[in-house]
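Here is what each chain is made of, one letter per residue.
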Amino acid sequence: MESYDVLVVGGGNAGLSAAISAREAGASVLLVEHAPKALRGGNSRHTRNLRLMHDAPTATLTGRYSSSDYWNDLLSVTGGRTNERLARVAIDGTSPLLSWMGAHGARFQPALEGTLSLARTNAFFLGGGKALMNAYYGTAERLGITITYETEVQSICIMNGAVREVLVVAGGSTLRLKPKAVVVASGGFQANIDWLREYWGDAADNFIIRGTPYAQGLVLKNLLDQGVAPVGDSTQFHAVAVDARAPKFDGGIVSRLDCIPFSIVVDNRGNRFYDEGEDIWPKRYAIWGRLVAKCPQQIAYAVTDAKSEELFMPSLFSPVRAESISELARKLGIDAGALENTVRNFNQAVRPGKFDSNALDDCRTEGIDPPKSHWARPIDVPPFIGYPLRPGITFTYLGVQVDETACVLMQDQRRCANLFAAGEIMVGNILGQGYVAGIGMAIGAVFGRIAGKEAAKVALESN
Amino acid sequence: MRLSQIELHPVKTEEKTRRFVEICNACRYCEGYCAVFPAIELRRQFTSGDLSYLANLCHDCRGCYYSCQYAPPHEFALNLPKAFSDLRLQTYERYAWPRPLAALFRRNGLVAASLALACTLLFLFVKTPPSPEAPSDAAGAFYAVVPEATMIAITAAAFGFAILGLSVGLFNFWRDTKNGSTVGASSFLAGLGDTLSLRNLGGGGDGCNNKDETFSQSRRYFHHSLFYGFLFCFASTCAAAFYEHVLGRIPPYPLSSVPVLLGAIGGVGMLIGIAGLVQIKASADVAPVSKMLVDIDYCFLVLLFVAAATGLLLLGFRGTGAMSVLLALHLGVIVAVFLMLPYCKFVHGIYRAAALVRSAAERRRRTSGVAEVKEAADA
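Order-wise, the sequence lines are chains A and B. Going by our numbering, the first residue of the first sequence is number 87, and it counts up by one from there. Going by our numbering, the first residue of the second sequence is number 1255, and it counts up by one from there.
The set of hints was computed from the structure by calculation and includes no laboratory data. Do not rely on the hints blindly, as some may be mistaken.
[As the list claims (entries may be wrong)] For lysine-lysine, the following DSS-like pairs were computed, each having C-alpha atoms within a straight-line distance of at most 27 angstroms:
| no. | chain 1 | residue 1 | chain 2 | residue 2 |
| --- | --- | --- | --- | --- |
| 1 | A | K307 | A | K264 |
| 2 | B | K1465 | B | K1545 |
| 3 | A | K334 | A | K307 |
| 4 | A | K440 | A | K369 |
| 5 | A | K123 | B | K1270 |
| 6 | B | K1535 | A | K123 |
| 7 | B | K1545 | B | K1535 |
| 8 | B | K1270 | B | K1535 |
| 9 | A | K369 | A | K380 |
| 10 | A | K380 | A | K334 |
| 11 | A | K380 | A | K307 |
| 12 | A | K334 | B | K1270 |
| 13 | A | K440 | A | K417 |
| 14 | B | K1465 | A | K123 |
| 15 | A | K539 | A | K307 |
| 16 | A | K417 | A | K334 |
| 17 | B | K1432 | A | K393 |
| 18 | A | K123 | B | K1545 |
[What the hints assert, rightly or not] Label-pair ranges, simulated between beta-carbon atoms:
| no. | chain 1 | residue 1 | chain 2 | residue 2 | range |
| --- | --- | --- | --- | --- | --- |
| 19 | B | T1621 | A | E452 | 48 to 58 angstroms |
| 20 | B | D1466 | A | S259 | 47 to 57 angstroms |
| 21 | B | A1495 | A | A142 | 33 to 43 angstroms |
| 22 | A | P299 | B | G1459 | 28 to 38 angstroms |
| 23 | A | E396 | B | P1327 | 30 to 40 angstroms |
| 24 | B | A1357 | A | Q383 | 49 to 59 angstroms |
| 25 | B | D1539 | A | F403 | 25 to 35 angstroms |
| 26 | A | L446 | B | L1485 | 55 to 65 angstroms |
[Said to hold, decoys possible] Computed from the model, here is a short list of chain A residues facing chain B with C-beta under 7 angstroms:
| no. | residue |
| --- | --- |
| 27 | R134 |
| 28 | G188 |
| 29 | A189 |
| 30 | H190 |
| 31 | G191 |
| 32 | Q195 |
| 33 | L198 |
| 34 | E199 |
| 35 | S203 |
| 36 | L204 |
| 37 | L212 |
| 38 | G214 |
| 39 | K216 |
| 40 | N220 |
Think of the CB as a built atom: it goes at the ideal place given N, C-alpha and C, for glycine as much as any other residue.
All chains should be built: construct the whole structure from the sequences, respecting the hints.
This is the structure:
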């Protein structure tokens, strides 16, 4: 492989945004992707939208979503665990994204059916994330970016505050690359179960990894081992409740379950443990992965009845159905008496109200702990239905520290002069905890563009 | 059992398609591509009739395949265009009338060739040798070769049979895919508009995926060329009937006449369209393609090619001694086309158009349903 100005590690949204930006800034670019072509794109392959600030309605976004609205949403989900400087860079950077992405092949559509609550804040990709990746790869090829698949980066050798050499393995042989600048956009480590086990113990074996199996975190580990400053809580991730019957890896969007606001959720002892109707689902879906991860055996069960079945999106697998609560308990593998007891107590605690699945209604419980604050209706119309839930990990938050130019910082806070990071590998700078729909892709796109431009600048200056 | 028979086992294909469609319904990323996905989203369970409707609504642009996060090598191995194509062939057979002739679908090449040959021989048999005195392109020359009554009797019988077979097939399709939406004039017009524009072929606006994940409008344009060429040829026949029975002019008509101009433009349009479509098919990525259905596609294209080419040859050489044989050949092929219509790829247009009308009706019902809900909420 000849020498390139910029090496981009990882071929998802962040990597491609970086590669395209670096190329357009005049650098020669090599992008190495770990996956084969058919599975390229990292977790971006499974995405569907990104969160954008905008001061006026666009062709596909309704209303206005100001920088401060965005900031407040971020502040509320992270509970303040964010780096405000970087968060503001990300938020403000989303403003020109719609036109930049469109100019590079992205196509958008109005919010998907069933996701109308995101119509104002999130731009949806026509055909989803894989279609976006296809468009970006096409653009990258047209721009003359070299792309290699099934290429794994083994180590990025940092010496005296800069990357000197990168070892990659492709087709069974190891190559030494000497790029002038490097962008790492290789994702989190969520697909590395052994690494997850360091923090979660055996519980990690019960996690379902919603995205790419290629997110092994080898680059992240390699950088942290060399004195790059870590960022983020190693136990934090974006996780949702998924169907326990979903594939171990790569199940993507279809494994998620939207039934929770219209159900009760119990652990394997048949006990409720959290307010299922705390807030509208788009504001709560991202906490349930973690809640289930904290359950015994990392499993929980959503239980509801026939009258609620059509209120949520159809699921990948049919629910478990039964004519009685005890039969349902048996089929789900929970103690029948315990579940009957929980359902009876819940039903008795439900206060009359006017049910409205699309708003924070006044159907709530009284006198039980935890309460169900909205959409609480007695579970009494057979067939009763249940779904087994597992934590579905989207991506981990432990990452590398960066500055506003996406430049990677060493533990002594000095910049690693020619090393930049974008996407999930640095998302922990902004997301200390929690998640708000579409922010992962937003951070990837904004910091990808910055990283690409800065890497090109560094590389071209050194020429 | 051959592989293709296993692949096309009715229950297996239907079950597989149902599973794919359930996954699509949980995903919905392709919603913006075409009418198929909004139609999926209107349902939670998928009956055999629903799947038939969806399969025939699919224009086979393959956009969903290339943007699918669950396409092979993913363990779901989702391949909607192929599953729909396999199922479409089964629905063509299911709705065919008379039912035993459904078997012809899988022997299209042989049947079409035999029919064309037999019909040509029939016309060669009934034709009278052209009189050496009269020029072979003078008025009345065609009827001198094949008597008018014979020509009309044979072609009308074949055409009538085709119309009957297609109508029963359409009736069967319509009954099987019934879903409670009432179809008014506006749904019919909307469906017709979608049919004529092929709006859903390469939905989302960038066209079809022929070879890979890149988009191209070529398939739409070539299909238009073939389809409108076919319509021009049909219009040419109607114009000729008008000339003869209203204006009292006897064919063949001069080159500058309306029937000849329409027929010539239509014939050339068909040839261009067919050539383009064959080229696209031959170089297509085979992964999302149904092997059995693509063979049937080729048969239909070849049949239409021969029909258009023999028509143009007849036009080109009608002033020569070859006219009588060319006339018999063209008439033979046309009659074979008519007889084949209910048992070849032609039926896709009938069921597609019907599915588009259903889809338009569903959209209307859904929009008015939403309006009602809103009003109720306001009240």
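These are the hints, each one checked on the structure:
Only pairs whose Cα atoms come within 27 angstroms are accepted, and K307 (chain A) paired with K264 (chain A) is accepted, the gap being roughly 20 angstroms. Of the pairs offered as hints, the one joining K1465 (chain B) and K1545 (chain B) holds, with about 16 angstroms between alpha carbons and a cut-off of 27 angstroms not exceeded. The hinted pair formed by K334 (chain A) and K307 (chain A) meets the criterion: a straight-line CA distance of about 23 angstroms does not exceed 27 angstroms. For the suggested pair K440 (chain A) and K369 (chain A), the alpha carbons sit about 22 angstroms apart, so the restraint of at most 27 angstroms is met.
Simply put, K123 (chain A) and K1270 (chain B) have alpha-carbon atoms about 26 angstroms apart, close enough for the 27 angstroms limit, and the pair holds. The hinted pair formed by K1535 (chain B) and K123 (chain A) meets the criterion: a straight-line CA distance of about 24 angstroms does not exceed 27 angstroms. In summary, the hint linking K1545 (chain B) to K1535 (chain B) is supported, as the alpha carbons are separated by about 11 angstroms, within the 27 angstroms threshold. For the suggested pair K1270 (chain B) and K1535 (chain B), the alpha carbons sit about 25 angstroms apart, so the restraint of at most 27 angstroms is met.
Distance hint between K369 (chain A) and K380 (chain A) is fulfilled; the C-alpha atoms sit about 20 angstroms from each other, no more than 27 angstroms. A distance of roughly 19 angstroms separates the Cα atoms of K380 (chain A) and K334 (chain A); the hinted pair therefore holds under the 27 angstroms criterion. A C-alpha spacing of about 26 angstroms is found between K380 (chain A) and K307 (chain A), which places the hinted pair at or below 27 angstroms, so the restraint holds. The hinted pair formed by K334 (chain A) and K1270 (chain B) meets the criterion: a straight-line CA distance of about 22 angstroms does not exceed 27 angstroms.
Proximity of K440 (chain A) to K417 (chain A) is assessed by CA-CA distance (about 32 angstroms); at most 27 angstroms being required, the pair is judged violated. Taking the CA atoms of K1465 (chain B) and K123 (chain A), the gap is about 15 angstroms. The hint holds against a cut of 27 angstroms. Our distance criterion of 27 angstroms between C-alpha atoms is met by K539 (chain A) and K307 (chain A), whose separation comes to about 25 angstroms. For a cut-off of 27 angstroms, the pair hint linking K417 (chain A) to K334 (chain A) stands: about 22 angstroms separates their Cα positions.
A distance of roughly 26 angstroms separates the Cα atoms of K1432 (chain B) and K393 (chain A); the hinted pair therefore holds under the 27 angstroms criterion. Among the hinted pairs, K123 (chain A) with K1545 (chain B) is consistent with the structure: their alpha-carbon atoms are about 25 angstroms apart, no more than 27 angstroms. Taken as a hint, the range 48 to 58 angstroms is violated for the pair T1621 (chain B) and E452 (chain A), whose Cβ atoms sit roughly 40 angstroms apart. In this structure the supplied range 47 to 57 angstroms is violated for D1466 (chain B) paired with S259 (chain A), their Cβ-Cβ distance being about 28 angstroms.
The beta-carbon spacing between A1495 (chain B) and A142 (chain A), approximately 59 angstroms, falls outside the hinted interval of 33 to 43 angstroms. Range check, P299 (chain A) to G1459 (chain B): about 34 angstroms between beta-carbon atoms, so the 28 to 38 angstroms window is met. Roughly 34 angstroms separates the CB atoms of E396 (chain A) and P1327 (chain B), a value that falls within the hinted 30 to 40 angstroms. Checked against the hint of 49 to 59 angstroms, the pair A1357 (chain B) and Q383 (chain A) passes, with Cβ atoms roughly 56 angstroms apart.
Taking the beta carbon of each, D1539 (chain B) and F403 (chain A) are about 30 angstroms apart, inside 25 to 35 angstroms as hinted. The hinted window of 55 to 65 angstroms between L446 (chain A) and L1485 (chain B) holds, with their beta carbons roughly 56 angstroms apart. The beta carbon of R134 (chain A) is positioned within 7 angstroms of a beta carbon in chain B (closest approach about 6 angstroms), and the interface hint is therefore held. At a threshold of 7 angstroms, the smallest CB-CB gap from G188 (chain A) to chain B is about 13 angstroms, leaving the interface hint violated.
This hint is violated: A189 (chain A) has a C-beta 15 angstroms from the nearest C-beta of chain B, more than the 7 angstroms allowed. Restraint check, H190 (chain A) versus chain B: the minimum CB separation of about 14 angstroms is more than 7 angstroms; hint violated. Contact between G191 (chain A) and chain B, as hinted, is not supported at the beta carbon level, the nearest pair being about 10 angstroms apart and thus beyond 7 angstroms. Interface hint at Q195 (chain A): satisfied, since its Cβ lies 4 angstroms from the closest Cβ of chain B, which is below the 7 angstroms cut-off.
Because the closest C-beta pair between L198 (chain A) and chain B is about 5 angstroms apart, less than 7 angstroms, the hint holds. Because the closest C-beta pair between E199 (chain A) and chain B is about 5 angstroms apart, less than 7 angstroms, the hint holds. At about 15 angstroms, the closest approach between the beta carbon of S203 (chain A) and any beta carbon in chain B exceeds 7 angstroms, and the interface hint on this residue is violated. A cut of 7 angstroms between beta carbons decides the hint on L204 (chain A): the least distance to chain B is about 13 angstroms, and the hint is violated.
For L212 (chain A), the interface hint holds, since its Cβ comes within 7 angstroms of a Cβ in chain B; the closest pair sits about 5 angstroms apart. Because the beta carbon of G214 (chain A) sits about 3 angstroms from the nearest beta carbon in chain B, less than 7 angstroms, this interface hint is met. Checking K216 (chain A) against chain B by beta carbon gives a least distance of about 5 angstroms; that is within 7 angstroms, so the hint holds. Taking 7 angstroms as the C-beta cut-off, the interface hint given for N220 (chain A) holds, the closest approach to chain B being about 4 angstroms.
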